[in-house]
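The residues making up each chain are set out below.
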Amino acid sequence: MIPLESWTRTEAENFLFEEAALLDEWKLDEWRALFLPECRYLVPAMTVDPYSDPNSTLFLIADDGHHLNERISRLKSKAAFAEQPRSRTLRVISNVTLKGREEAALQLRCTFITYRTTMESVDTFWGYHHHLLTATSDGARISEKRSVLTMCTLRPQGKLTIIL
Amino acid sequence: MIEPDQLLDVKREEGTFRVARRCYVDPDLYRAEEESIFSKCWLYLAHESELTKSNCFLTRKIAGRPLLLTRDASGNLRAFLNVCPHRGAQVCRHRSGSAKSFTCLYHGWTFSNDGRVLSITEPATYSRTFVDSDRNNLQQVPRLATYRGFIFVNYDHSACSLSDYLAGAREQIDLVVDQAELGMELVAGVQEYSVRANWKLLSENSVDILHGPILHATYVDLIARNSHRTMTLDHDRAGACRDLGNGHVVVEREAFQGRPIAKWIPIWGEQAKKEIADVYERLVKRHGAQRAHHMAHFSRNLLIFPNLAINDIMAITVRTWQPTAVDAMDVTAWSLAPLEERETPALTRRLSNFNEFFGPGGFASPDDAEALESCQRAFQAWREAPWNDLSKGFFNGDPHPNGELAQRAFWLKWHDSIARGFA
Numbered sequence: 000m001i002p003l004e005s006w007t008r009t010e011a012e013n014f015l016f017e018e019a020a021l022l023d024e025w026k027l028d029e030w031r032a033l034f035l036p037e038c039r040y041l042v043p044a045m046t047v048d049p050y051s052d053p054n055s056t057l058f059l060i061a062d063d064g065h066h067l068n069e070r071i072s073r074l075k076s077k078a079a080f081a082e083q084p085r086s087r088t089l090r091v092i093s094n095v096t097l098k099g100r101e102e103a104a105l106q107l108r109c110t111f112i113t114y115r116t117t118m119e120s121v122d123t124f125w126g127y128h129h130h131l132l133t134a135t136s137d138g139a140r141i142s143e144k145r146s147v148l149t150m151c152t153l154r155p156q157g158k159l160t161i162i163l
Numbered sequence: 000m001i002e003p004d005q006l007l008d009v010k011r012e013e014g015t016f017r018v019a020r021r022c023y024v025d026p027d028l029y030r031a032e033e034e035s036i037f038s039k040c041w042l043y044l045a046h047e048s049e050l051t052k053s054n055c056f057l058t059r060k061i062a063g064r065p066l067l068l069t070r071d072a073s074g075n076l077r078a079f080l081n082v083c084p085h086r087g088a089q090v091c092r093h094r095s096g097s098a099k100s101f102t103c104l105y106h107g108w109t110f111s112n113d114g115r116v117l118s119i120t121e122p123a124t125y126s127r128t129f130v131d132s133d134r135n136n137l138q139q140v141p142r143l144a145t146y147r148g149f150i151f152v153n154y155d156h157s158a159c160s161l162s163d164y165l166a167g168a169r170e171q172i173d174l175v176v177d178q179a180e181l182g183m184e185l186v187a188g189v190q191e192y193s194v195r196a197n198w199k200l201l202s203e204n205s206v207d208i209l210h211g212p213i214l215h216a217t218y219v220d221l222i223a224r225n226s227h228r229t230m231t232l233d234h235d236r237a238g239a240c241r242d243l244g245n246g247h248v249v250v251e252r253e254a255f256q257g258r259p260i261a262k263w264i265p266i267w268g269e270q271a272k273k274e275i276a277d278v279y280e281r282l283v284k285r286h287g288a289q290r291a292h293h294m295a296h297f298s299r300n301l302l303i304f305p306n307l308a309i310n311d312i313m314a315i316t317v318r319t320w321q322p323t324a325v326d327a328m329d330v331t332a333w334s335l336a337p338l339e340e341r342e343t344p345a346l347t348r349r350l351s352n353f354n355e356f357f358g359p360g361g362f363a364s365p366d367d368a369e370a371l372e373s374c375q376r377a378f379q380a381w382r383e384a385p386w387n388d389l390s391k392g393f394f395n396g397d398p399h400p401n402g403e404l405a406q407r408a409f410w411l412k413w414h415d416s417i418a419r420g421f422a
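Order-wise, the sequence lines are chains A and B.
Quick note on numbering that gives the first Met the number 0: the first sequence kicks off at 0 and runs consecutively.
Quick note on numbering that gives the first Met the number 0: the second sequence kicks off at 0 and runs consecutively.
I should point out that these hints are in silico values taken from the structure, not numbers from a laboratory.
A couple of the hints might just be wrong.
If you only want the chain A side, here are some residues facing chain B, beta carbon under 8 Å, derived [said to hold, decoys possible]:
#1 THR46
#2 VAL47
#3 THR56
#4 LEU57
#5 PHE58
#6 LEU59
#7 ILE60
#8 ALA61
#9 ARG73
#10 SER76
#11 ALA79
#12 ALA81
#13 GLU119
#14 GLY157
#15 LYS158
Per label pair, the in silico range of CB-to-CB distance [unchecked claim]:
#16 A:ILE112 / B:GLU33: 28 to 38 Å
#17 B:PRO122 / A:THR110: 48 to 58 Å
#18 B:ARG11 / A:LYS77: 32 to 42 Å
#19 A:PHE16 / B:ALA380: 42 to 52 Å
#20 B:GLU342 / A:ALA20: 34 to 44 Å
#21 A:HIS65 / B:SER157: 51 to 61 Å
#22 B:GLU269 / A:ILE112: 38 to 48 Å
#23 B:GLY63 / A:ILE112: 26 to 36 Å
#24 B:HIS292 / A:VAL47: 33 to 43 Å
#25 A:PHE16 / B:HIS85: 46 to 56 Å
#26 A:LYS26 / B:ARG30: 46 to 56 Å
Note that the Cβ used here is the ideal one computed from N, Cα and C, for glycine as well.
When you get a sec, could you build the whole thing from the sequences and use the hints?
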């Protein structure tokens with residue numbers, strides 16, 4: 000296992016590609032395990048600076064670790080009707096760069112295109128993921144994932160019931 | 000040829016009230032609504048907190064019309080049709096900002112933010128009469144009015160006043176706005192999304208309570224866990240649905256989950272408990288015990304006909320939906336919050352509450368969208384299966400929040416408006 004401080008683009012891509020595959024396969028518990036127990040999953044509203052403070056700005060999604068657990072619980076149940084039957088998704092990850100390195104931490108940026116289809120609709124979401132990774136004894140873990148949608152609105156997509 | 004009387008089937012003695020599914024899919028009715036409802040009613044445009052400084056502006060589409068809303072140099076609110084008097088391009092193509100004047104991209108006509116034309120291009124090539132004409136100014140909307148910070152527009156010059164139009168809804172808006180000590184504002188960050196369904200489905204859904212435990216089971220579970228099982232939906236709650244006149248309705252019921260003003264939940268912790276108790280005490284001082292209890296311990300879903308919801312539940316959402324096609328609408332949702340919550344943990348709790356339920360990433364609203372889209376898809380069976388049923392509680396006029404009194408009041412106003420248009 001290559002320590003976080005030695006990561007190059009290859010390790011970063013491997014990590015991000017693996018994350019995308021877990022999500023495409025709806026392996027939500029394994030995906031959650033990529034995060035620290037205390038973490039954040041953020042999707043800013045498109046009308047404000049993506050680095051606005053979720054404590055005082057309305058986001059589309061601003062999950063702490065507890066709410067992320069709840070989100071996964073919900074998606075695993077049969078009562079999350081917007082995802083029953085489950086949509087099919089495909090996540091394309093590209094333009095991966097290592098943006099910043101600190102003691103036992105690494106910042107990544109990549110572009111994403113996420114396709115979501117149901118029998119009734121075909122929707123595309125795109126933007127940048129900003130991952131903050133922390134080194135742990137079990138390997139790299141995500142402390143924050145901020146998915147910045149760069150469309151102007153969620154029209155016609157409407158719903159954001161998948162993990163981007 | 001559409002007969003308005005074929006659109007509602009109401010038999011009071013039998014206690015049945017049905018709506019033709021055709022109402023949600025017929026393009027001729029959609030066009031009739033454009034004239035009889037969206038060109039006649041007071042329509043929500045913006046909140047005063049979106050334009051706090053002089054010379055700021057925003058643009059927005061309301062019932063299809065492109066509008067430019069400004070606060071001019073003297074601080075007056077003005078709303079214009081965002082169309083150049085010359086050859087019709089949009090005078091302002093930005094979402095919002097600050098500008099003392101606007102210059103049309105096409106031929107350069109320039110306008111002050113109070114609407115007066117400042118310059119036309121090559122004025123010497125026009126007659127004196129032309130140059131001096133009022134017709135070169137930006138065209139104001141026929142009517143503009145504000146109630147408690149909510150700005151409305153009406154495209155009908157001869158419409159009644161906003162105050163008269165709101166009727167019994169004024170008191171409900173007061174119950175929401177008066178929760179704040181320093182006034183209410185829209186929090187930064189807007190949720191702009193869409194639903195692939197007829198706009199009337201969201202009007203119905205915004206004041207529908209019956210579906211709570213069923214469609215939003217995952218939300219109910221979340222609240223049960225957040226409250227360590229002290230907050231559940233399994234008891235009958237006090238409350239009522241009220242017809243407020245003019246198609247407006249409110250459904251109030253005892254809140255079962257945490258509310259920013261002022262109902263604490265265990266996961267917020269002990270410090271929050273004290274803060275919330277303080278807020279409640281101040282509410283009682285300002286409004287008396289009874290009104291404070293009414294404001295704080297009851298949730299209210301308020302529908303202003305045709306397409307504005309002010310839902311004061313686990314947080315306060317202000318939500319409008321613009322029809323874009325017979326089977327599609329653009330939805331915009333904001334969070335309304337007291338100014339005094341700025342920079343405090345109270346605002347964070349409020350926004351967390353909001354996101355647990357509302358918006359495209361919430362635990363509830365996307366399932367509402369799914370249900371409405373499911374209706375719209377199934378409405379294609381309208382020829383063989385023509386009727387939606389809204390009879391719940393009709394036979395005895397029961398105002399129970401789980402009844403369909405709210406939806407019936409909406410449809411009666413809708414029908415009245417459409418029938419007038421056909422008269």
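Hints, one by one, checked against the model:
1. THR46: 5 Å, holds
2. VAL47: 5 Å, holds
3. THR56: 4 Å, holds
4. LEU57: 3 Å, holds
5. PHE58: 6 Å, holds
6. LEU59: Cβ of LEU59 (chain A) sits 5 Å from chain B, so the hint holds.
7. ILE60: 4 Å, holds
8. ALA61: Hint holds; ALA61 (chain A) Cβ to chain B Cβ min 6 Å, cut 8 Å.
9. ARG73: 4 Å, holds
10. SER76: It holds, given that the least Cβ distance between SER76 (chain A) and chain B is near 6 Å, below 8 Å.
11. ALA79: Given a least distance of 6 Å, the restraint on ALA79 (chain A) holds.
12. ALA81: 4 Å, holds
13. GLU119: Since the shortest Cβ distance to chain B is 7 Å, the answer is holds.
14. GLY157: 5 Å, holds
15. LYS158: At about 4 Å, which falls below the 8 Å cut-off, the nearest Cβ of chain B leaves the hint on LYS158 (chain A) intact, so it holds.
16. A:ILE112 / B:GLU33: 28 to 38 Å: The hint (28 to 38 Å, Cβ to Cβ) holds, given that ILE112 (chain A) and GLU33 (chain B) are roughly 37 Å apart.
17. B:PRO122 / A:THR110: 48 to 58 Å: With Cβ atoms ~50 Å apart, the hint holds.
18. B:ARG11 / A:LYS77: 32 to 42 Å: 40 Å, holds
19. A:PHE16 / B:ALA380: 42 to 52 Å: Cβ of PHE16 (chain A) to Cβ of ALA380 (chain B): about 44 Å, so the range 42 to 52 Å holds.
20. B:GLU342 / A:ALA20: 34 to 44 Å: 41 Å, holds
21. A:HIS65 / B:SER157: 51 to 61 Å: 55 Å, holds
22. B:GLU269 / A:ILE112: 38 to 48 Å: 45 Å, holds
23. B:GLY63 / A:ILE112: 26 to 36 Å: This hint holds: roughly 32 Å between Cβ atoms.
24. B:HIS292 / A:VAL47: 33 to 43 Å: 36 Å, holds
25. A:PHE16 / B:HIS85: 46 to 56 Å: 54 Å, holds
26. A:LYS26 / B:ARG30: 46 to 56 Å: Given a distance of about 49 Å, which is inside 46 to 56 Å, the answer is holds.
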